[in-house]
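Engineer: Knowing the structure of chain A, use the given hints to seat chains B and C on it.
Protein chains in written order, with the numbering used here: chain A, 144 to 579; chain B, 9 to 321; chain C, 979 to 1307.
No lab work stands behind these hints: they were computed from the structure.
Heads up, the beta-carbon is just placed ideally off N, CA and C, and yes, glycines get one too.
Warning: the hint list may mix true and false statements.
One-sided excerpt, in silico: chain A residues whose CB lies under 8 Å from chain B [what the hints assert, rightly or not]:
1. Pro216
2. Ala222
3. Phe225
4. Asn246
5. Gly272
6. Tyr386
With a straight-line cut-off of 27 Å between C-alpha atoms, the simulated DSS-like cross-links for lysine-lysine are [to be verified]:
7. B:Lys207 x C:Lys1026
8. C:Lys1131 x B:Lys127
9. B:Lys207 x B:Lys127
10. A:Lys274 x B:Lys230
11. B:Lys127 x A:Lys274
12. A:Lys248 x A:Lys274
13. A:Lys247 x B:Lys230
14. C:Lys1007 x B:Lys230
15. A:Lys251 x B:Lys207
16. A:Lys274 x A:Lys311
17. A:Lys248 x B:Lys230
18. B:Lys230 x A:Lys251
19. B:Lys226 x B:Lys127
20. C:Lys1026 x B:Lys127
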Amino acid sequence: MAAISIRELTKVYATGVRALDGLDLEVLDGEFVVLVGPSGCGKTTALRMVAGLERITSGTVSFGDRVVNDVSPRHRDVAMVFQNYALYPHLSVYQNIGFALENKKIEKAERDRQIRIAAATLGLGDLLGRKPDQLSGGQRQRVAMGRAIVRSPSVFLMDEPLSNLDAKLRVQMRSEVLRVHRSIGAATLYVTHDQTEAMTMGDRVAVLQGGVLQQYDTPRALYDRPANVFVATFIGSPSMNLYEAGLSTDGTAGTTPTVVLGSQRLPLPPPVAARVAAYQGRKVIVGVRPEDLAVSGAGASGLGAPGVSAAGASWTGASAAGAPGLVADVRLVEVLGSEQHVYFSVDATPAASAPGAAAAADESAQEGILLGGAPNGVARLDPGSGVRPGGRVTFAVNPARLYFFDPDTGRAISLLSDWPLGLAGERRSKRAASCN
Amino acid sequence: MSAPAQARPARDESRSRPRHSAWVRRRDRAGLAFVSPFLVAFTLFMIVPLGYAIYDSLFTSRIIGGTVFSGFSNYTQILTSGMFWSGVIRVVIFGAIQIPVMLVIAFFFATAFDLGVAKFGTTFRTIFFIPFAVPVVVSALMWGFLFEPSYGPFVHLASLFGFHNVDFLSNTLMLPSIITIAIWEWTGYNSIILYTALKSVPRDIVEAAILDDTPLWKIIVKVKLPLVRPAIVLLIFLNTIGALQLFVEPLILNNYSAGVISLNWTPVLYIYNTSINDAQYNLGAAMAVVLGLVIVAISITSLLFRRSKGEFS
Amino acid sequence: MTASTLSTRPPDADPAQARPAESRRERRKREQLEERDAVIPVELYGLKRGTVTVLTACCVLFAIFTLVPIAWIIFNSTKTQANIFGTFGFWFARPFEFFHNFRMLFENVDDDGTYIDWFGNTALYAVLGGVGATALSAFAGYGFARFEFRGSKVLFYIVIGSLLVPIGAITLPLYLVYSKAHLINSIWGMILPSLVAPVGVYLMRTYIRLSVPRELLDAARLDGASEMRIFFRIALPLMVPGLMTVLLLSVVGVWNNYFLPLIIFSNNNLFPLTVGMGLWSQHATTSGDQNLYPLIVMGGLVTIAPLIILFLILQRYWRGGLLLGSIAN
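Next comes chain A alone, as it looks inside the complex:
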């Protein structure tokens, strides 16, 4: 029995704005599920409907086997951490945490005990006498969490709790939040716009855009098997390079299926070709992640997995026979120390990514001091790869790590058998079927 069941949840505002459209989601007991997407995608609306703070237009929310649509948020046994913390400014930390307990008419001694336990869990013991305006952002955030956990709720909701903190603090707090979650053990629904948070924290992640659920899967599956162009570019940073391409056979005698990318051709090994057989002779969108590009050349190796594709063919970064090469002009090199981001142009048309994905993608790809024309791709390479701006480079491309999408619908192209069954069970294979 799922702790939270969301079926066909829809929200239409009185002004006609459709904030959420038919969301289906399940959170199991003790699971940490992340709702992620760009602003305006409906994730906060969904969360607030689960809390009961927003009227439901249609669809149901159930806790266990109990439909809670008409249950007041007061009686849903739900605790929520708000984005701006929503602490009572005139009360001390102690009183803030204890406020809910007062309402339950718990007697003073017991209240005191529970407050102190919650405070200790979050390291707030020394701050109990202070008021919110005497606390730092991170401390306030912990008080907001303390206020929520002291109620021992069965459902825990969090609305972008880390987005008001600075970058370093955010990284620290990620593990804090997970630690608290594990100690409570309640089902948790966590909303964020940051895909890194989603990937590192979630047991499962639901990607939303424009009020519609794009994909609901484990982080690994979202990365390896994005259901559409939006998910592909939203997950992973810098985001996936996408180009318009065509599938045909190569010109020489022989019928090796080939990806035609601008003036270049990348032959595909049989297992990969089989995946996209249905699109032979048609246009597709092809994607390759920056970390899957390596430099052909003495000794340099890319950051992609130099390993085994699903079909078992091995591949190394060197210009091994059969590894397709992509010729590109280097426009800009960003040195990060542990790696380099190399911005390049290939003579292929970049695919217009799904609206919103551009916002999620790296902006630096479009800015910066450029030599020549604007870049249309980025690669993550070893620092010693010896690439220079203005030069020409040939990337080794692992065909097993190419992604293909339908140019009209943006959906991923694949075969049913290629999709292993995961936690969501049959629902995922249903979605896989709809992707063809």
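Structural biologist: Relative to chain A, chains B and C alone:
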């Protein structure tokens, strides 16, 4: 900073303050230019008369001998004057009753509108604000007609409830009647200000309280009320200043009910009568100064009182 | 940089302009719906049944209380003097004398002066004084809000502190000052002091701090614009809602002012409505046989009608704008 601190001479401390660049200083002087038209008018029409009043208060004009410097003799006369202080006590009682009653009513309605628990909030708010558009003179005139002892409708109404021959403008009932008028005049204005203050309480704090299953009365008293305390303090302040200067209503009502309003019924009435009707400008000026000090004293104490009482734990 | 590089459009353009043209009713409906969505749904408060009805009833009662004097004045402006005292106060009576009473306002009754003159005076004082006060408050508020000159804080506190001074302490000596400056019975004696509105300065300063970002002004300065130009083309458009509120409060303040004109005017022709009505009220009791009462009632009605209509028209401004009054010092 590479230069060691001790190398810097101590003389630097004595230099004049502005560390700003010339550009910033020039810019700030422009600010003075913007403020100056107002300041000129302010000085001419507030500071100068006030100074004149204080100056005048130190003199006495006699029929024989003209105007002569008398130091604080006007003040001693006032401080020992039962007539003056009885007026002060009367307006203090007036304020002590009128202000809390009015604020409670105003807060009640402001909360009802803010929470949306009464229908047609916008219409009602507009209606409640109408008295603000009515000059005090006209409102005193209207209420005078309504309260009029022989023919006024309220006298009829009272007899319907079994109270016969009620004289709303008699010695005993004059103050309560004026309190009613003041409540009529000012509740709408106060409730608009409280309403906007309540509206600025962040929504998520109230939502958090709801999730904590806080009953409505507690949300109002323990969550919203403390957060609008600044607005309440401001209103108490403004209302106190206004109440202590009660003038127009008794002056007009006197026309409906001769003899009830004495010359010193309120301090400002007394000042007015002394200065204009008796032409004793000096004494009147001194009274105005004393009244000013009383207002300052009472306003400040009411602020402090509110501050210590306002700690809801 | 030439002046043409300065944008006259405020940075956040009114979003209503970007929408397709909609009728006033459609816009009001949409605003109502948006407002309802912006508020916490009432059911979340856990109210007992019938609470809403009880509260609405309370509002109705207080609304009746508020409208009683207004209703009375409307009904009785149509009556003769005898009927005002003789008939039921809250309904009409024969003969219907509304227009007769109204015409009487145009005549000089009893040598006290003509109501119409008083009305014109009041309008003159209120408009000139109100507009002037708004202008001065806008300039001063801007100077206090966005500049830090020596003594600005102290000066501001003095200005606010002046609210504590009783009217008598300022107005009565003003009479003496005027008698030296030949300003007795001069319209300027009424208008000039009305230009001083400390509340207006306070409101404008608060509003400017909230709605005119410092960076915008600094950017314009870097572009080489003069301070005056910056004020008029950048700051002023952003201050408009605050200006409307201060304008409304100032006009109402001067319109309703009683004490100042009472002291400084002895010439009936210069009276504003407040003083004139006060005088009538006094004469009505002392020389009782003049048919003054209907005039007083009608006069009262005509006095309050313009302001009430002004309020209803400018509703948007006092509803949102009085927000400022709630911001703590």
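Engineer: If a hint holds in the structure, say so; if it doesn't, say that too.
Structural biologist: Outcome of the hint check:
no. : hint                 : in the structure
1   : Pro216               : 6 Å, holds
2   : Ala222               : 7 Å, holds
3   : Phe225               : 5 Å, holds
4   : Asn246               : 5 Å, holds
5   : Gly272               : 13 Å, violated
6   : Tyr386               : 44 Å, violated
7   : B:Lys207 x C:Lys1026 : 23 Å, holds
8   : C:Lys1131 x B:Lys127 : 44 Å, violated
9   : B:Lys207 x B:Lys127  : 17 Å, holds
10  : A:Lys274 x B:Lys230  : 16 Å, holds
11  : B:Lys127 x A:Lys274  : 37 Å, violated
12  : A:Lys248 x A:Lys274  : 23 Å, holds
13  : A:Lys247 x B:Lys230  : 16 Å, holds
14  : C:Lys1007 x B:Lys230 : 34 Å, violated
15  : A:Lys251 x B:Lys207  : 33 Å, violated
16  : A:Lys274 x A:Lys311  : 24 Å, holds
17  : A:Lys248 x B:Lys230  : 16 Å, holds
18  : B:Lys230 x A:Lys251  : 18 Å, holds
19  : B:Lys226 x B:Lys127  : 22 Å, holds
20  : C:Lys1026 x B:Lys127 : 16 Å, holds
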